[in-house]
Every structure is written in C-alpha cells, then in structure tokens.
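K.L.:
Each chain is listed here by its residues.
There are 4 protein chains.
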Amino acid sequence: MELSPRDPDWETRVRSSFAAQKFMDFLGAEMTHLSPGGVDLELRLRDELTQQHGFFHAGATSSIADSAAGYAALTLFAAGFGVLTSEYKINLLNPARQKTLLARGRVVKSGRTLTISKADVYGLDDGDQVHVATGLFTLVSVAGMKD
Amino acid sequence: MELSPRDPDWETRVRSSFAAQKFMDFLGAEMTHLSPGGVDLELRLRDELTQQHGFFHAGATSSIADSAAGYAALTLFAAGFGVLTSEYKINLLNPARQKTLLARGRVVKSGRTLTISKADVYGLDDGDQVHVATGLFTLVSVAGMKD
Amino acid sequence: MELSPRDPDWETRVRSSFAAQKFMDFLGAEMTHLSPGGVDLELRLRDELTQQHGFFHAGATSSIADSAAGYAALTLFAAGFGVLTSEYKINLLNPARQKTLLARGRVVKSGRTLTISKADVYGLDDGDQVHVATGLFTLVSVAGMKD
Amino acid sequence: MELSPRDPDWETRVRSSFAAQKFMDFLGAEMTHLSPGGVDLELRLRDELTQQHGFFHAGATSSIADSAAGYAALTLFAAGFGVLTSEYKINLLNPARQKTLLARGRVVKSGRTLTISKADVYGLDDGDQVHVATGLFTLVSVAGMKD
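Residue numbers (our numbering), protein chains in the order written: chain A, 1 to 147; chain B, 1 to 147; chain C, 1 to 147; chain D, 1 to 147.
If you are wondering where the hints come from, they were derived from the structure by calculation, not from laboratory data.
Cβ coordinates follow ideal geometry from the N, Cα and C atoms, glycine included.
Do not rely on the hints blindly, as some may be mistaken.
[Stated by the list, open to error] A few chain A positions that, by computed beta-carbon distances, are all more than 12 Å from chain C:
1) Leu3
2) Pro5
3) Asp7
4) Pro8
5) Glu11
6) Arg13
7) Ser17
8) Ala20
9) Met31
10) Glu42
11) Asp47
12) Glu48
13) Gly82
14) Arg104
15) Asp128
16) His131
[As the list claims (entries may be wrong)] Computed cross-link-like contacts, EDC-like style, restricted to lysine to aspartate or glutamate with a CA-CA straight-line distance of at most 20 Å:
17) Lys22(B) to Glu48(A)
18) Lys109(D) to Asp128(A)
19) Lys22(C) to Asp25(D)
20) Lys22(C) to Glu48(C)
21) Lys99(C) to Asp128(C)
[Unchecked claim] Derived, one-sided and incomplete: chain A residues facing chain C with beta-carbon distance under 10 Å:
22) Ser86
23) Glu87
24) Thr113
25) Leu114
Use the sequences and the hints to build the structure in full.
P.N.:
Have a look at this one:
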C-alpha cells in the first residue's frame with residue numbers, strides 16, 4: 001500500500017476541501033486527525049441528528065464515515081484530482097446512543113483511479129467505547145475536479 | 001413476497017415514527033408516498049446539504065435512501081415491533097446536483113426477523129430525471145421497541 | 001442509460017470470453033440469454049455445488065451472479081477493453097434449494113471507466129420461481145486487457 | 001466482543017460442518033486455522049478456478065471468503081444453531097494471480113441472531129503476499145438447523 005502523498009500540499013488541500021463541505025458543518029462534524037491515508041472525524045449527539053428512538057440516525061453515522069473514508073483517500077491523490085464516492089457498504093453493529101461518534105477512515109488500497117478505504121465508527125461515552133459501525137468505501141479520483 | 005400489512009394501524013404508525021425522526025426534519029425530507037411495502041421521500045437542495053463541489057453530499061443522499069427503505073419495511077411489521085437498519089450498500093451512479101432528490105424505498109423480501117429493501121434515488125430538475133443512486137438495505141424487526 | 005454496444009463484435013467477444021472462464025465451465029454454468037446490457041446464466045444443482053445443508057453454496061450463487069453482471073457490462077464496452085469486477089454486494093433472500101439457478105445480470109449505469117450492474121438470482125423448480133439473491137456490482141473497463 | 005464459544009464442542013462441530021460443504025471440497029479449499037472467532041482457509045490455483053485472464057475467478061475468491069467468515073461466526077454459536085449467510089460485500093483489491101489464496105475470516109460482532117464477520121484474502125507466492133480482497137459478511141444463526 002502506497003501511503004506517500006503525491007501532492008506536497010495534501011494537508012492544506014484536505015483541510016480546505018473538508019471546510020467546504022457545508023453538510024459536515026451543518027451536522028457539526030470536526031476533523032480530529034489527519035495523516036497520509038488516515039482521517040478521523042467526530043460528531044457530538046444533538047437532537048437534530050437522531051432517529052425515532054433517540055439514537056444517532058444511520059444516515060448521520062454513515063455521513064461522517066463516508067467523509068472520513070473519502071478524505072483519507074484524498075490525502076494520497078495527486079494535485080488536480082478531486083474525490084467522489086462511487087459506492088459503499090456499512091454494517092451498523094450496535095445502537096449509536098453515545099455522546100460522541102468517532103469515525104476513523106483509513107485507506108486500504110490506493111490506486112490511480114480507484115481507492116478503497118474502510119471506516120470504523122465508535123461511540124464514546126465517559127471513557128467507554130462501543131464499535132458502532134464498520135464500512136468499506138470505493139472512491140474515484142476525478143481529473144480536473146477541484147478539491 | 002408478502003405485501004399485506006400485519007398491523008391494521010400500519011399507516012398511522014409509519015407516519016408518526018417518521019415524524020419522530022428529528023434528523024429527517026433537520027434535513028428537510030418529506031414523505032410523498034406511502035403504501036404497503038413502499039415509501040417515497042423527497043428532499044430539496046439547500047446549501048447545508050452539499051459537499052465540496054456543490055452536489056448533495058453522499059451522506060444526505062444515503063440518509064433519505066435509508067429512511068425510505070426502513071419505513072418501507074416497517075409498513076409490513078407486526079404491531080409492537082420496531083425497525084433498525086442492520087446494514088446497507090449504495091452505489092452512487094451520477095452526481096446529485098438536481099433541485100430535488102426523490103428516494104423510492106421498496107421491500108424486496110419481507111421476513112419475520114429480517115426484511116430486505118431496495119432504494120433508488122432520482123434527481124429531479126424541471127422535468128428531467130437522473131438515476132442518482134441505488135442501494136440494498138437489511139432491516140431488523142426488534143420486539144418491544146416502540147415504533 | 002446507454003444500451004448501444006460500442007463494439008460491433010460485442011456478441012462474439014462476450015461469448016468467447018465466457019467460454020474462456022474455466023471456472024464457469026467447472027461449475028457447469030450456461031449462458032441462456034445475451035443482449036446489449038443483459039446476460040442470463042443458468043446452473044443446475046449438483047452435489048459438488050452444495051454447502052452443509054444441501055443448498056447451493058452462497059459462493060456458487062454469487063459466482064454466477066458475478067459472471068452474469070460482468071458480462072452484461074462487457075456487452076457495452078468498446079473494443080480493446082477488458083472487464084474486471086471491482087466490488088459487489090449480494091443479499092441472499094431465500095435458501096437456494098431448487099433444481100436450477102437462473103442469474104439475470106443487467107446494466108444499471110454504463111460509464112467509460114465504471115459500469116454498475118445488478119444481478120437477480122432465481123431458483124427454478126417445476127414451474128416455481130423463488131427469488132434467491134439480489135446484488136449490485138461495480139465493473140471496471142481496463143484498456144489493453146484482452147476480452 | 002464475545003469470543004468465548006458457547007458450545008463446548010465448537011471445534012468438532014465447525015470441522016465436521018466444513019467437511020460437509022461439498023463445494024469447498026470441489027474447489028479444493030482446506031482449513032488451516034481454527035480458533036474462537038477465527039477461521040483461515042487456503043485454496044491452490046488450478047485452471048478450473050480461473051476467469052478469462054487466468055486469474056482466480058472473483059467467485060472462487062469470494063467463495064472461500066464467505067466460508068471463512070461464516071465458520072468464524074459458527075465457532076461462537078450455541079449448540080443447536082446453524083449458520084446461513086444473509087448478505088455480504090467484497091472489494092477485489094488486486095488481481096488474484098498468485099499460487100495460493102489465503103482467506104482470513106474474523107468475527108467483528110457476535111450477536112444472538114446476527115453475527116458480523118470480516119474476511120481478508122491474500123495471494124501468496126514464494127514469500128510474497130498481496131492483499132487480494134476484503135469483505136464484510138452478515139451471518140444468521142438459525143435455531144434447529146443442524147451444523
């Protein structure tokens with residue numbers, strides 16, 4: 001697995017692209033880790049993010065998993081290539097009823113066109129950690145798309 | 001495939017559970033179709049729902065697909081059983097840059113414990129319709145969980 | 001969705017590539033339908049294809065689903081491009097204990113690099129038809145790979 | 001995660017169920033590791049297992065991944081419960097053109113009804129190891145089904 005960034009400006013680029021994702025700001029997600037091939041995002045529980053039983057909605061859980069997986073991929077893209085999610089699959093392992101969700105996106109295979117990332121989401125609660133979800137993501141690098 | 005609701009109050013139950021999903025209200029999703037085994041949701045584009053290129057974020061697209069698929073399953077559940085998403089997979093087919101997203105959730109197989117639904121998401125724009133995403137969802141019926 | 005073959009020799013190419021899949025011959029799969037964007041494969045039950053309960057092994061079911069989905073994609077590829085499966089997901093809906101499996105692969109979205117196909121597998125038994133599996137597949141077109 | 005077998009006879013049960021999978025014998029798969037929550041299977045390349053380019057067919061790769069993931073789950077089932085695959089997703093990371101495939105199935109979450117396993121498949125060739133595939137599997141425990 002190639003974990004050397006091809007773009008010397010990868011860090012600035014990933015941070016500014018994440019800052020431009022209005023949906024992440026709307027949810028309240030924050031980037032808490034950034035390294036070549038790895039991005040962590042955190043999201044605090046608020047009423048607006050819940051489903052009918054008061055847990056994080058699977059859509060909220062998946063949204064930060066998708067962004068973490070996608071930006072982990074982008075850390076390794078050459079300059080001038082943008083990132084789009086082609087597909088993903090996620091298993092929801094336990095109810096997400098903790099105070100904070102932590103999504104860990106990590107690159108599994110970095111290719112020229114396709115990158116495969118995984119994301120694991122943990123619920124954090126006063127020192128406890130519950131494995132809430134695990135997923136696999138295919139990201140496409142698109143030439144000429146600004147990111 | 002069994003498409004006869006087991007709960008005579010299925011319609012009221014699905015509508016009130018959907019109304020209790022604060023995340024759907026936060027996104028702005030509306031239920032525009034409800035039948036045994038089928039739920040449609042619509043979502044209008046707003047800045048808050050976009051990713052870095054101005055398209056609907058994959059997380060927003062997936063969120064309404066998940067709720068449409070899950071509530072399609074719930075229409076067929078017996079009274080006293082709640083619905084949780086166990087897993088799903090989604091392929092993002094085309095950029096979601098239309099004014100409105102329409103997610104069509106339909107039951108593929110209704111079982112006692114597990115229900116499989118599919119969801120197709122279309123982008124609607126002045127009469128045009130683009131197939132934006134397609135997914136498969138496994139829903140679990142949980143005894144004693146209010147829904 | 002573009003369903004016009006780009007290669008005038010698509011039919012010969014798909015049939016000869018399928019004939020070159022020794023694994024399909026080993027399982028005993030036969031191509032029973034071929035059209036632009038669509039391939040059907042059939043597989044008759046034999047002891048060698050079963051799991052521990054005497055049903056078709058999920059691996060056998062998935063194998064013909066994968067080949068049906070992949071060759072459906074190949075029908076639309078330009079000459080000189082080969083097909084590889086990038087990823088797939090499959091839901092096993094009912095036990096596959098019928099005499100024959102029929103896998104229907106159909107293109108959902110045909111792109112230059114990525115094609116998304118779906119496959120549905122049915123168990124056939126003296127006129128009965130059971131929906132055994134449904135899946136979504138991402139196929140990659142690879143320049144310079146013979147197919 | 002609960003990794004204590006509930007059935008004192010788990011080892012005998014898993015080995016004899018695997019021996020009863022005629023499809024695994026047909027492919028030539030062997031169990032090379034067995035522990036609570038973990039099963040490894042190996043498969044040597046033969047012409048009968050290849051696709052049109054001479055690589056292991058994605059169906060062969062997936063078949064051993066599925067059996068490894070499923071038997072990893074079965075190691076933790078109570079006596080009297082059988083295992084069925086409900087669904088899975090697999091990403092094919094690199095061409096599988098090595099001499100031997102090694103599939104590592106590991107339990108991610110062990111539940112009463114649903115178990116989530118992952119499987120990673122490696123291609124082994126004279127000391128080299130290539131990550132060929134990674135997947136996520138949902139297994140169902142079925143009361144009264146012999147395994």
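K.L.:
Can you give the numbers of the hints that this structure goes against, from lowest to highest?
P.N.:
When the structure is compared with the hints, none of them turns out to be violated.
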